[in-house]
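J.: The residues making up each chain are set out below.
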Amino acid sequence: EPEVTQTPSHQVTQMGQEVILRCVPISNHLYFYWYRQILGQKVEFLVSFYNNEISEKSEIFDDQFSVERPDGSNFTLKIRSTKLEDSAMYFCASSGDLNQPQHFGDGTRLSIL
Amino acid sequence: GNSVTQMEGPVTLSEEAFLTINCTYTATGYPSLFWYVQYPGEGLQLLLKATKADDKGSNKGFEATYRKETTSFHLEKGSVQVSDSAVYFCALSPNFGNEKLTFGTGTRLTIIP
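Residue numbers (our numbering), protein chains in the order written: chain A, 1 to 113; chain B, 1001 to 1113.
Here chain B stands alone, though its shape is the one from the complex (with noise of 0.2 Å):
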C-alpha cells in the first residue's frame, strides 16, 4: 500500500535559518504530493502541491521537488520566520487529490528569536 515517511521531529531552529524537512514515499502508479501545514489551534492548510515528476511546488517562501527517481518531496525554505513555528504534515494521493490522502507522522517545527 501507500505510506508516506517523514523525518521525525520535533525541529527547532532560529530565526532566518535554513529549513529541511524531509519526506519520502510508497507508490504505486503516478501519486499527486502534498505538504500541509497545521498551526497550533488550527486545522489542516494546503501549503504547497506538485502532481508530477519534477514538478516544483512553492508557496510562502517554502518549496519542495517531486523526485519520482529518489521518491522523495521534501519541503525547504531559505530563511524561517517565527510565524513558521507549526506542524508540517507530508502527504500523498493516488490521483490528484479526490482519493484519499495517506499522511505522514507530522514534524513539529519551532523558530526561536
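Just chain A, with the same shape it has in the complex (with noise of 0.2 Å):
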C-alpha cells in the first residue's frame, strides 16, 4: 500500500539555525498538508497546500513557517529560525480527491536546543 514518507525521522537543531523537514506524499495525491503535535499535546493543523499554493493555514503558521513543493515528488516544510517552542513531531498527510481522507506520515521529531 502507497504510504506518505518524511525524512528525516528526527532532527536536531540549534535555537535560531533553520531547518527543513521533508515529506514524500502518495504520489497521486493533490492536497498536501503538515500537523504538529507538541509532547503531550494534541495534534494541530498547521498549513494545507494544493494546486502550488496554500489553501489555509492556522495562527501558528507565521512569517517563520514556509511551505514548498519543489519538484513532483517533495513537500517541505521550512522554519526559518528555530525557537525552544518550536520541538514537536511534524506530521505530513496527503489526500487525493474529495472521497479520499488524509493519509499520515510517521512523522519527524525535531528538538531544538
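Derived by calculation from the structure, the hints in this document are not laboratory data.
One or more hints might be untrue.
Chain B is nowhere near these chain A residues, computed Cβ spacing over 12 Å in every case [unchecked claim]:
hint	residue
1	Gln64
2	Phe65
3	Asn74
4	Arg80
Covered stretches of chain A, as calculated for chain B (at least 3 residues, CB under 8 Å) [said to hold, decoys possible]:
hint	stretch
5	35-48
6	102-109
Beta carbons: idealized from backbone N, C-alpha and C, even for Gly.
Mind assembling these two chains? They're in different frames, but the hints should get you there.
T.: The structure is reproduced here in C-alpha cells:
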C-alpha cells in the first residue's frame, strides 16, 4: 500500500537555525498538509497546500514558516529561525480527491536545543 | 470554531474486555468524523470514518456511529487485544477530509494480558 514518507525521523537543531523537514506524499495525491504535535498535547493543523499554493493556514503558521513543493514528489516545511517552542513531532499528510481521507507519515521529531 | 472533546486517558483494560472511548464534537454544518490510531513509534493511521449522520464506520473490530443528535462519535470494540494498545484520536473535518482536521487530545489505551 502506498504511504507518505518523511525524513529525517529525528532532527536536532540549535535555536535560531533554519530547518527543513521533508515529505514525499502518495504519488497521485493532490492535497498536502502539515500538522504538529507538541509532546503530550493534541495534534494541531499548520497548513494545507493545493495546486501549488497555500489553501489555509493556522495562526501557528507565522512568517517563520514556509512550505514548498520544489518538484513533482517532495513537499517541504521550512522553519526559518527555530525557537525552543518549535520542538514537536511534525506530521505530513496527503489526500487524493474529495472522497479520500488524509494519510499521514510517521512524523519527524524536531528537537531545538 | 470546530472542536473535539475526547475522553481523558489513560485507559487500562484487560484482554477481551469491552472498550468505549467517548468523543463529542462541536461544528457548524455537516462535518466528517474520523478515528485515527497511533501505535508506539509510528505515525497516525486512519482507523475508521463516517461522513454523515447515522453512518457507522468499522475496521479491525472497532466501530463508531455518527450521532448528530448527541454530536458524538464514540469508539467501541467488543473484545480488545494486547495489540490494540495505542493512542486513539478522534477528529473532524468540515468536509470529507480535504480540509484541515481538528483533533481531540488523544486517549492512550493499554491492554494487559
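J.: Decide, hint by hint, whether the structure agrees.
T.: Evaluation of the provided hints:
Every beta carbon of chain B lies more than 12 Å from that of A/Gln64, the smallest distance being close to 20 Å; the non-interface claim holds. Listed as a non-interface residue, A/Phe65 keeps its Cβ farther than 12 Å from every Cβ of chain B; the least gap is roughly 15 Å. Look at A/Asn74: its CB is around 18 Å from the nearest CB on chain B, clear of 12 Å, so calling it non-interface holds up. Consistency note on A/Arg80: stated as away from chain B, and its beta-carbon is indeed over 12 Å from all of that chain's, at 22 Å minimum.
By the rule of at least three residues with a Cβ nearer than 8 Å to a Cβ of chain B, the coverage given for the stretch 35-48 of chain A holds, with 7 such residues. A count of 6 residues in the stretch 102-109 of chain A with a Cβ less than 8 Å from any Cβ of chain B is obtained; the coverage claim is therefore met, three being the minimum.
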